[in-house]
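2 protein chains.
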Amino acid sequence: MAIRYPNGRKYTPPNNTSVGQTTKKKKMDPTYSNRGKSLEDKIDETNQYYLSANIAVIHKKPVPVQIVKVEYPSRSAAVIREAYFRTPSTTDYNGVYKGHYIDFDAKETKNKTSFPLKNVHLHQVIHMRAAVEQGGICFLLVQFTTLERFFILPFDVLNQAWIGMDNGERKSIPFEVFEKEAIEVKEGYVPQLDYLKAITALLPI
Amino acid sequence: MAIRYPNGRKYTPPNNTSVGQTTKKKKMDPTYSNRGKSLEDKIDETNQYYLSANIAVIHKKPVPVQIVKVEYPSRSAAVIREAYFRTPSTTDYNGVYKGHYIDFDAKETKNKTSFPLKNVHLHQVIHMRAAVEQGGICFLLVQFTTLERFFILPFDVLNQAWIGMDNGERKSIPFEVFEKEAIEVKEGYVPQLDYLKAITALLPI
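Protein chains in written order, with the UniProt record's numbering: chain Y, 1 to 205; chain V, 1 to 205.
Just to be clear, a hint being listed does not mean it is correct.
Note that the list lumps identical chains together, so a pair holds whenever it fits in one copy or between two copies.
What the hints assert, rightly or not - Derived lysine-lysine pairs resembling DSSO-like cross-links, with alpha carbons at most 27 Å apart:
1. K107 to K37
2. K197 to K98
3. K69 to K107
4. K171 to K69
5. K69 to K186
6. K37 to K69
7. K112 to K197
8. K98 to K118
9. K61 to K180
10. K110 to K37
11. K197 to K186
12. K98 to K112
13. K61 to K118
14. K69 to K180
15. K118 to K186
16. K112 to K69
17. K61 to K37
18. K180 to K197
To be clear, the hints were calculated from the coordinates, so they are not data collected in a lab.
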């Protein structure tokens, strides 16, 4: 039986994405190598740059797994032989930037006209609500892959759309809302995706 | 061949503690049930209390593993059949409290007279140095298990001792330093280990 969120949307366990993160093959193009990189790769490289340049300390959280059985072969590393994916209770990325707590998730969509809210999980919304209440800076970093455009969607905008969906309104955020209320992040060379520059508008004065 | 940190101390992969976290048996005493709980359990329960009472949003990070092989049995959950422990690049706990970025690790020692620095890994010190530089609040939550006493050791105190060790000074922090420069956390009922109350002294005004 399919498990559903209280709002009726189907619950999707994090298995596929989690495995995809570690095993997916990457398309590489020697001329436009950035274009073949996943959003996650771009964020990871940007975070490494932020760390080495003393700009911020932001890390991706590991995929949570429940470890059941481990073997210890002699002369080699321990091998996990049985483990299961667990549902994360937070977003994927967090850290600290100029004294501010930063917390976000990365999302990709092939859609051109809107961002479907089914890309977002209820536990992520609940987590970000709590973090915002504590003074954290929370957002989604959304890539419209077909359009090759990146946006910082402030949590407040996401939250309004989520509440609307719960009240029977539309289940996606129109692209025009991104152009008006989100902050575009232009791709660069180093760092590839300078999203912290883009969030300056979200920081308390 | 044993891998060693630049300071000559042996590198210990996180395997044992990681597996221990999921499989260790807990001593239970019906009268003093708290005493049988691990430090990690006490922190987890405290963090759950902080979250539900809207006091703070602090989570333990999952153990990082490199997933190599996953099976998808029909009608049941995906099973990880081959995976390896990776070395974490951060501390175990982080989150947000009243607008402050909080970052710490939990350590237990059976010693009564000092806290051996071999309990701390170089990557944890490097990570906390960077987070403090960004305005984060970093510390160790240390339990002297034999003495049944808990202390918040501010990162500055740890860092001074670490630098001293690198310069050939002692490889542990004397208990007297804890009594003078650390902040004691008294065990309670709800929450069990109110460490955020104890860090008030560390917060910028």
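Here's how the hints hold up against the structure:
1. K107 to K37: within (14 Å within a copy, 39 Å between copies)
2. K197 to K98: both (12 Å within a copy, 24 Å between copies)
3. K69 to K107: between (33 Å within a copy, 25 Å between copies)
4. K171 to K69: neither (41 Å within a copy, 35 Å between copies)
5. K69 to K186: Classified as neither: same-chain Cα gap 45 Å, cross-chain 36 Å, threshold 27 Å.
6. K37 to K69: Between copies, since 23 Å is at most 27 Å while 34 Å is not.
7. K112 to K197: within (25 Å within a copy, 48 Å between copies)
8. K98 to K118: neither (32 Å within a copy, 31 Å between copies)
9. K61 to K180: neither (31 Å within a copy, 35 Å between copies)
10. K110 to K37: Close inside one copy (15 Å), not across copies (48 Å); limit 27 Å.
11. K197 to K186: Classified as within; 10 Å inside a copy, 42 Å across copies.
12. K98 to K112: neither (34 Å within a copy, 38 Å between copies)
13. K61 to K118: both (22 Å within a copy, 25 Å between copies)
14. K69 to K180: neither (51 Å within a copy, 44 Å between copies)
15. K118 to K186: within (25 Å within a copy, 45 Å between copies)
16. K112 to K69: Answer is neither: 44 Å inside a copy and 34 Å across each miss the 27 Å cutoff.
17. K61 to K37: both (19 Å within a copy, 26 Å between copies)
18. K180 to K197: Classified as within: same-chain Cα gap 18 Å, cross-chain 42 Å, threshold 27 Å.
In the structure shown, a violation is registered for the earlier hints numbered 4, 5, 8, 9, 12, 14, 16, in ascending order.
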